[in-house]
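Peer 1: So the chains spell out like this:
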Amino acid sequence: MERTISALVFMLVLITTGCDQQQEPAEAPPGAPPATAAADASGPCSLLTAEEVSAVIGPLAGAPYRAGGMPPDVGGDMCRYETETLRSLVVNVVWVDGASNISMMNMMQGVIKDGKAGELKLINGTTLTGEWDEARLMGCCEFNALRGDQLVTIDFAGTNADLTQVVSLVNAAILRLEKPLAVDDAPAVAAAQSRESARPRIRSVCELVTRADAEALTKKTLVAEPAGDEDHCFYQIPLDMPGSTLDLDLEVQWRNGFREMAVMQAAFDQGANLVMQAAFGEGEDIGGSDNPAGEQEPGPWDVYAQSIVGISAVKSDVLVHVENGPFMQEVSSAFVAKAIENLNR
Amino acid sequence: MSQQNKLIPTNRRPARSSNALPGRFNLRSGTRNALPIFFIAKLCCFATSIAAQEIDTPILLEPDLNIVAAIRQGDVDYEGLRIIDSVSTETVVLRLSWGESDQTNAADAGMIEIPPVTRAIRREDLASANRIVATFYYGDPELLPGSTAIQTSTAVLSSLTSGADTPIVFGISPGPPNYMISSRKYYRGTVHLVAKERFPILLDGERTMVPVVHATGTLSVGTQSGEAEFWWLDQPDNPLTLRWKFLGDTVQVVRIDRPEAGKKPRSIFKPDACRAVLHGIYFDTASAVLLPESDAALARVADMLAEHADWSITVEGHTDSIGVDASNQILSEQRASAVRTALIERFNVTPDRLTTKGFGETRPIETNETLEGRARNRRVELTHGCAS
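Listed in order, the protein sequences are those of chains Z and V.
Just so we're aligned, residue 1 is where the first sequence starts under the numbering used here, counting upward by one.
Just so we're aligned, residue 1 is where the second sequence starts under the numbering used here, counting upward by one.
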């Protein structure tokens, strides 16, 4: 046991180190034209055209733009392809020493799973092949493909793209590694920044569902004034049993909601499957949620999911979530719906 | 001296003392011994002045085919054993299991026990893939579609022998083994035929000349490039990589032991000989731990003794010259004893019919200057009725 624990600690250190590795291109890729301020051929937007990506994820809201994390940033290390409905696909490139990133992923696969888990197969058993030398699918939706020593990562969690479509994009990107597109990033970043104002305004979550809203939804007088910040709002709802309350925590993630929803859903599905496999053996696959994203529950949201953990919904890339287990899910759902209705208020 | 393995504890014998009998992962240089988290198949050709027979039957990819490669990476020298685990109409599955000392090092480095590594090669890739993934990592997917591992494909061999420049991709981690920082890169380029040659290997214990296709070309990734050389078995249905050299690394197959099953048992002693090398014995790295793959050879000895009830034999251990003399002497004695113990405890041989001796590096049968020579010198011999 001691050995196992120390092993895991060791691995976590290793994995963390790997995650911290800079994705920024250390130097221009071999064969790439020299980068200029106006047209950068070594940036993350130089591998896929807007047309190629829009054919998979839908019409884009504008030109693909560089971003650091979420905000547009001309020096950002990722390229975001954003649709008119605010779904987005993100491309990262490691121009030099991408192989070490794959090594880290190997280690993770080795610790977490057996070798067969690392194989890329479609549900129908088809083995995925492509222009890459090695590829790993991390989590639900991060496709990593190594060619030579260069790594292309496509995060498609925020889209409805399937794996076959993503593979077509990965292949197109990889084949462009030796001759990237010349891209002028500044105009695209400026346009993306101007589109930011069209997104729901970030504010206190308690403004989305006010005390009056909450009392109308629950038909009860709250024990205290709702308290929170831009991420949470806490509501103390009295229960029928004297002196007892339900603390409802309304959470909002203002950006990247589609992605977070997919990642959260996949993690929950995986956890549920592990539990079922432990209980019933290999081969059990129960799926995780009662209402997986994609099977739409009528409501003001773009995507909705209900599970034993709670209620989640996304509208305009904003994720609204209540995590109160299986209790009072109708109330939770009503809070989520109200918050979404008020996003643009 | 190897400086690269700062996180790998040194709990093995001192520098250049990990002399090993035919085994695997024998690390022989530096004050630290690297944990060979990856392996590379590699082989060498050696002195043609030594008598060798010609290959008579093809080398088939069949279960229990054992391939021993001597590997030189940086200044680290070790061996790897690859076993054909299973074959089907779909795939050929290779197995690489970690030796006890590797597990110990892994544990000391804070890792969990390392399970065996297997690699499945699709038949279609054996036929046509031009990518060779020669380095094996813990955590690798079992299947890396579009690649071979310890061989090239029939199509590449055919292209080369037709005289064409042939594109290949070569996935390796050059330099000294160090799993903390090493990563497998894919070098691209074209190779062309140098010549068809003869290549010596120990095939089923006999020095044997096999036909090879010698090819060379420039391979590169990013700004790194170099001249690569390959020697592939000139057998279209199984073009094993018998040797490669690239970026200072050399991997050379030094032994191939074909499975005994279904074949007429070979006698250990040649007629009128009182001494014989016992082939098919594999030890863990720098230790006297016998690997399970040795069982077939041990069974042959037990059968021989059952057939000749009046025989007593001496088991001798020999090492190559790498390492400290005294350590080699001790290791040779320990390995001879390990063989004796296994024969007594697991193959029911009466103890008084077996004696042991260790000779360290004092009785080489070939030069110690080459990978292949050292591989031959690391051996177990049996003697019966020799004049002392």
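Derived from the structure by calculation, the hints contain no laboratory data.
Glycine is no exception: its CB is placed at the ideal position from the N, C-alpha and C atoms.
You may find that some hints are simply not true.
What the hints assert, rightly or not - To spell it out: a stretch of chain Z is covered by chain V in this simulated footprint if at least three of its residues, at any positions, have a beta carbon under 8 Å from a beta carbon of chain V; those stretches are:
| no. | region |
| --- | --- |
| 1 | 86-100 |
| 2 | 121-133 |
| 3 | 142-155 |
What the hints assert, rightly or not - Facing chain Z, according to a computed beta carbon distance under 10 Å, are these residues of chain V, among others:
| no. | residue |
| --- | --- |
| 4 | R122 |
| 5 | P141 |
| 6 | S147 |
What the hints assert, rightly or not - Sample of chain V residues facing chain Z (criterion: CB under 7 Å; computed from the structure):
| no. | residue |
| --- | --- |
| 7 | G139 |
| 8 | A164 |
| 9 | S183 |
| 10 | R207 |
| 11 | D237 |
| 12 | R275 |
| 13 | P292 |
| 14 | C386 |
Peer 1: Now tell me if each hint is right for this structure.
Peer 2: Quick rundown of the hints versus the structure:
A count of 4 residues in the region 86-100 of chain Z with a Cβ less than 8 Å from any Cβ of chain V is obtained; the coverage claim is therefore met, three being the minimum. Restraint check on the region 121-133 of chain Z versus chain V: 4 residues with Cβ-Cβ distances below 8 Å, three needed, restraint holds. Judged by the Cβ-Cβ criterion of 8 Å, the region 142-155 of chain Z is covered by chain V as claimed, because 5 of its residues qualify and three suffice. For R122/V, the interface hint holds, the least distance from its beta-carbon to any beta-carbon of chain Z being 8 Å, beneath 10 Å.
The criterion of a C-beta within 10 Å of any C-beta in chain Z is met by P141/V, whose closest approach is roughly 3 Å, and the hint holds. A cut of 10 Å between beta carbons decides the hint on S147/V: the least distance to chain Z is about 8 Å, and the hint holds. Because the smallest distance between the Cβ of G139/V and any Cβ of chain Z comes to about 3 Å, under 7 Å, the interface hint for this residue holds. Because the beta carbon of A164/V sits about 22 Å from the nearest beta carbon in chain Z, more than 7 Å, this interface hint is broken.
With a least beta-carbon distance of about 4 Å to chain Z, the hint placing S183/V at the interface is held under the 7 Å criterion. Proximity of R207/V to chain Z is violated relative to the hint, the smallest CB-CB distance being about 36 Å (cut-off 7 Å). Checking D237/V against chain Z by beta carbon gives a least distance of about 23 Å; that is not within 7 Å, so the hint is violated. For R275/V, the suggested interface contact is broken, since its CB lies about 44 Å from the closest CB of chain Z, more than 7 Å.
Interface hint status for P292/V: violated, as the beta-carbon distance to the closest one in chain Z is roughly 21 Å, over 7 Å. This hint is violated: C386/V has a C-beta 47 Å from the nearest C-beta of chain Z, more than the 7 Å allowed.
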